[in-house]
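J.: Single-letter residue listing:
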Amino acid sequence: MPSGAMYSVRMLSKELVAASTVPLVLSVLAQGENYGYALIQRVRELSDGRIEWTEGMLYPVLHWMEKEKLIEAEWREAETGRRRKYYRIRKEGRATLGTEREQWLTVHQTLNHLWKTQPRLT
Amino acid sequence: MENSAPFDLDQALRQWRANLHNLGSLRAEELDELEGHLRESISVLHARGLSVPEAFAIAAGRLGSERQLSAEFTKANPQRAWTERALWMVAGLLVADALSVVAHPLPDIVMKCVVRSGLNGHLLGALDLLAGWMVWTGAAATAYWFVSRRSLRRDRVVQACLRQPVLTGLGLFIGLKCLPYLMRSVMLLADPVMNVFRGHQAPVNPQTAAILNSWILWGSLLTELLWVAAVPLLAGYAWRKRERPAVSGSPSSYELQPGEQEAARALQGQGLSLDEASLVLVGRRSSREVVDPALAQVTDRGLWLERAVWMVTGAALIHCLEWSVVTPAWILAVATRPAAPLLQHLAALGSVGLGLTLAGAIIAGLWMWVIRHPRQSASIGRVCRLRPFVAAMALVVVCAGIGCGEYALVAYAIGPANNGVGAIRSQWMTYGGALRHLLIPIALLLWLARRWRSMEADPAPCR
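Line by line, the protein sequences give chains W and B.
Numbered as in this note's numbering, the first sequence ends at 122 without a single skipped number.
Numbered as in this note's numbering, the second sequence ends at 1463 without a single skipped number.
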């Protein structure tokens, strides 16, 4: 499928998507437990479609986070009758989220300062 | 806009799941989760006005190609994928051993027929080598024919073997143990026939015998190198066979016609990307099954090719270990040749132990490395697949270097004192060989099969 050039202005780069996956997942789960499909939809909505995950790639990350004890998971039956695996953030996950938040804010603030003094950079 | 061909969603999902399962890096629970995701995604897209096949194609595309998914899950859980690969590697080693037992008599027969005919020694040596290679090529062609057909019975037999590792191991052990005796009796039966062909029984010229011996030595090194080179070449071929475009046809075939821009914008309003909208519209225009690309099967041939890659890798790895570690370990025994029998026994035992320990340590080290560094090992695999010729040349140069160095070492160590192998040493060589070629591979096969089975049975927590 043609991709890349058409989206390069709007879409996030692959590297940035990869780096931001864990903080994004942790942030969504910090608002309450959720399952894979809804989690992806939530991120897509909030980013106005600019953060586009290859959906299947989220699951290995979720399982890795589960193994690292950042989140925990439980199979439950949803109201539609479907079985879903719900993920919930753990204490360790909240601590990691705090650190991630500080780091992302640092990058954000630094760039902001730079761009304020050089408004025509773009 | 329903497609005219009947579409069975459950059947499509079963096929999709089976394809992913066959790639071998996802557990049942992970497949459950992905299937749940896919169903959810399909129902949302269907509710937005896409037909079920269209929704399936788009949802499966969003989830990612089978190969992408399998690669990501392998990175997250390398143990599972490598256990299955190791299983095929050990199986490949056993098959190669069995084949070499079966293949052995043919060059032998050719030799017996022509060795006394007074032909040039070099010609005889080349003939012997070629006869050996022809047997291998024939065996490979037969194996390829066997695996590239669709055969439910064969798949059922493989599945049953994997379910019953102990019985399979026992059967293999007995079968492989009997094979040499079987071949020997065939040779005995064939002897009267051979005598007719042999004709006049001229004695073998010692000069010819020496030339033949060097042909056998260098020929076996060449054969080993071919084995090693076959790994990346086969991997590259398997990759090309397996890798198919995410959608059938070239991207340009998904360009929209002028009248379709409006419909594409409407679909984009439903949350589809431009690519996805084009895919749907082109499918509608050509009334082609838009679901085709998502469902294109991981073919049997592709699957078996990949297994064949691991089988050849296993055989090549063990051959490499054999002449880079196990054979040099015999220097210990060679060094004590003139000593008392007890000392000779001890030294030979030490050689067998040293060779096995070193080989085991190398294998264990490799295992730890691929488990701990999935990304690095994946990039080596990528080099093999994308640049098979470069990888083959590099491997051949390295292995030829080791082989020649080792030959020089052995020639230096054994050369002057080589007045017969010695009864004690040859006895221990036989034991060591049996241990390496039969007992250890079968023990490994059993262990890996059990491990693999326990991973397979890993139940979903809610079941």
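Please note that a few of the clues may not be correct.
What the hints assert, rightly or not - Distance condition first, Cα-Cα at most 25 Å in a straight line; then the derived DSS-like pairs of lysine-lysine:
id, chain 1, residue 1, chain 2, residue 2
1, B, Lys1177, W, Lys69
2, W, Lys67, W, Lys91
3, W, Lys91, W, Lys69
4, B, Lys1177, W, Lys14
5, W, Lys67, B, Lys1177
Unchecked claim - To be clear about the criterion: a stretch of chain W counts as covered by chain B if any three or more of its residues have a C-beta under 8 Å from a C-beta of chain B, and this derived list gives those stretches:
id, stretch
6, 14-26
7, 57-71
As the list claims (entries may be wrong) - Which chain W residues face chain B? A few, computed with CB under 7 Å, are given here:
id, residue
8, Gly36
9, Trp104
10, Thr106
Read the hints as simulated data drawn from the structure, not as lab findings.
Using N, Cα and C, we set each Cβ at its ideal position, and we do this for glycine too.
J.: With reference to the structure, classify each hint as holding or not holding.
T.: Against the structure, the hints come out as follows:
1. A C-alpha spacing of about 49 Å is found between Lys1177 (chain B) and Lys69 (chain W), which places the hinted pair above 25 Å, so the restraint is violated.
2. A distance of roughly 14 Å separates the Cα atoms of Lys67 (chain W) and Lys91 (chain W); the hinted pair therefore holds under the 25 Å criterion.
3. Between Lys91 (chain W) and Lys69 (chain W) the CA atoms are separated by roughly 9 Å; this keeps the pair inside 25 Å, and the hint holds.
4. At most 25 Å may separate the alpha-carbon atoms for a hinted pair to count; Lys1177 (chain B) and Lys14 (chain W) exceed this at roughly 54 Å.
5. Note on Lys67 (chain W) and Lys1177 (chain B): the hinted pairing is violated, with a Cα-Cα distance of about 45 Å set against a maximum of 25 Å.
6. Coverage of the stretch 14-26 of chain W by chain B is violated in this model, with 0 residues showing a Cβ closer than 8 Å to a Cβ of that chain against a need of three.
7. Beta-carbon proximity to chain B at under 8 Å applies to 6 residues in the stretch 57-71 of chain W; the threshold of 3 is reached and the given coverage holds.
8. Given hint, Gly36 (chain W) at the interface with chain B, holds; its Cβ is 5 Å from that chain's nearest Cβ, closer than 7 Å.
9. Look at Trp104 (chain W): its Cβ only gets to about 24 Å from chain B, farther than 7 Å, so that hint breaks.
10. Here the hint on Thr106 (chain W) is broken, as its CB sits about 27 Å from the closest CB of chain B, past 7 Å.
Hint compliance for this structure: hints 1, 4, 5, 6, 9 and 10 are broken, all remaining hints hold.
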